[in-house]
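Asker: Given chain V, put chain W in place with the hints provided.
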Amino acid sequence: MRVRGRPNWRAAVLCVVLALGLAGCASNEPGPADAGGIPPAPKNLVGPLDPALKQKFPAAIQAAGVLRLGADPSYPPSTFKDNTGAIVGTLPDLAAAITSRAGLKIQWVEVPFDGMLGGLQADRFDVSWSAWSVTPERTQVLNLVAYVKGGTSVLVHAGNPAGIKTAADLCGRTVSAQTGTTQAQQVMDKLQADCAASGKPKIEMLQLPQQTNVNQSVATGRADALLADNKLVGYQAQLQPGVFEAVSGILIQPVKSGVAVPKDKTQLANALAAAFDAIIADGTYGEILARWQNSDAAMPQAEINPVGT
Amino acid sequence: MSSLRTSPDLDQLVALSDTRPVRRRKPGETALVAVIAVLVAFGGAILFTNPRFDWPTVGRYLFDVSVLHGIAVTLELTVYAMVVGIVLGVVLAVLRQSASPVARGAAWLYIWFFRGTPVLVQVLFWGFASALFPQIGLGIPGGPMLFGVDTNLVVPLFAAAVLGLGLNEAAYMAEIVRGGLISVSHGQAEAAGALGLTRMQTLRHVVLPQALRVIIPPVGNQVISMLKMTSVVLVIGVRDLLGSVTEIYSRNYRQIALLIVACIWYLVMTSILTYLQSRLERRLGRSVSPMRSPQDA
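So the sequences go chain by chain: V and W. FYI, the numbering for the first sequence is 0 to 308, going by numbering that gives the first Met the number 0. FYI, the numbering for the second sequence is 0 to 296, going by numbering that gives the first Met the number 0.
Hints in this document: simulated from the structure, not taken from any laboratory. Quick caveat, the model's predicted, so the values are computed rather than measured. Treat the hints with caution; some may be incorrect.
[What the hints assert, rightly or not] Straight-line C-alpha distance at most 20 Å; calculated DMTMM-like pairs for lysine to aspartate or glutamate: (1) V/Lys80 <-> V/Asp113; (2) V/Lys104 <-> V/Asp193; (3) V/Lys189 <-> V/Glu203; (4) V/Lys201 <-> W/Glu246; (5) V/Lys164 <-> V/Asp228; (6) V/Lys189 <-> W/Glu246.
Here chain V stands alone, though its shape is the one from the complex:
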């Protein structure tokens, strides 16, 4: 047995060496957890105290000096963790800008998105600090303070070789989307109808089951463009600027998204809307969205429960 065992050991060592070699080849891709891939924070992220803004928050929160925020750090670039484990992204930046001006400290409560509603109702945190798409059903039970407009954006190869500037330029092109998403269905149906109405050729549609391969189809030129959520489009363009480019100015089927508080906490909702307006006015909001390549999603002012736009 021993004599036979030796070659096997050698084979095992060879396998390990091979595996390490292969892993080494694959590990230089910049990932979301790579601090090197995260752009620097705006200088005035932490702003000066605004006493009038602090007065707008409910007395209990003012007294505690702490705003408890429920977050699901699994959705780059909105909210995720860097390689030190710190919660980063568009929403944490906005939280830092708002709480510093209102003289409050942040207390993060990590909770998966499907546990947000229960956590709010059980008062485990004051605000669900996630991007809730504003829908009529949700505004029945929640006050949604909308701070961005979302929707479908278009991602093309760097340099935009197909010259896509408007949604109408997609007619006659190969366009990819992930199977089962609104982009592969409602958005694509709308675009096809628009192309037909203006007498332009049909979109050649490429449906792929994984978003990674949808991205790859544009990277390799199998598709001229892809349709996806505008936050994802912006983030991909930021992660691989040599490969991708977000087409600015195309936002299809827009829907506004915001942070959520319970329906009865209108004072808190109004205070948050005022806080968003303050950082929109002083330009911090714009810098934060630019940091995460989300400038297309900017709103001129915060809105509470803006259903239907």
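Answerer: This is chain W only, laid out in the frame that chain V set:
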């Protein structure tokens, strides 16, 4: 068993009926038959009483245009991939038997690589080959490209699917064909050589026809396996049978019903192939084992 065969009345019976000997049923077998009958009955009852199977939806989509189109794509992929696989597989098998160590080594290397990596990865690789080679053409390695064409134009997605499936299949076919070639006694080739046939003539007229008998049954298996394996092309967006039903249920959320539609069609196609395979095997086996074929017996 040999003592049974020598019993005179059994021999008589075999001679009279010209069929296989009658076998007495063992007591345990009756119980087994009963258990299987109950299970089949339960299974059948569940199929028809559980409304979640959603048979009306299955019926509505069974002959849907995009499902039928998907079947056509699946059949095309199977045929093209098997043609690539068989032709290349025969070449590889012959190379592996070659006198030249370089040819043997090259064939070994091919089989090692294509049999050693998952077919899903190979299909993804061909689908997105231009990530590695944006252009295909003539050029100096490490130097400038003299003449090149966009890889995506040379290898459209359907061709990428055929290449991914076919090149993988060739590695398996090579081993099957090699097994067939080895099964033909060496004396056959020597005799052909003595008659003045060249190596190629020997291969074509003496060795391959005899090897076919050993090769055909596993090839039938490979065709049936390929018919189902084509479904992996959905990862690169080729709309075969599975791709078509996936697209339908991503819109109407009737996943189980649509997957049943796909299964029904896969079963129909594999049943036909199984029947054809048994016919072909009978035909090829005719000259060697006449007992198998009723009309010759």
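Asker: Could you grab the alpha-carbon distance between V/Lys104 and V/Asp193 and see if it respects the 20 Å cut-off?
Answerer: Distance of about 49 Å is beyond 20 Å: violated.
Asker: For a C-alpha distance cap of 20 Å, please report whether V/Lys80 and V/Asp113 respect it.
Answerer: It holds: about 19 Å lies between the C-alpha atoms, which stays within 20 Å.
Asker: Can you confirm whether the C-alpha distance between V/Lys189 and V/Glu203 stays at or below 20 Å?
Answerer: Roughly 14 Å separates the two Cα atoms, so the pair holds.
Asker: Need the status of pair V/Lys189, W/Glu246: alpha-carbon distance at most 20 Å?
Answerer: Satisfied, since the Cα-Cα distance of roughly 17 Å is no more than 20 Å.
Asker: Would you check the hint for V/Lys164 and V/Asp228, treating anything up to 20 Å between C-alpha atoms as holding?
Answerer: Distance ~17 Å between V/Lys164 and V/Asp228 Cα, so the pair holds.
Asker: Does W/Glu246 sit within 20 Å of V/Lys201, going by the straight-line distance between their CA atoms?
Answerer: holds (18 Å)
Hint compliance for this structure: hint 2 alone is broken.
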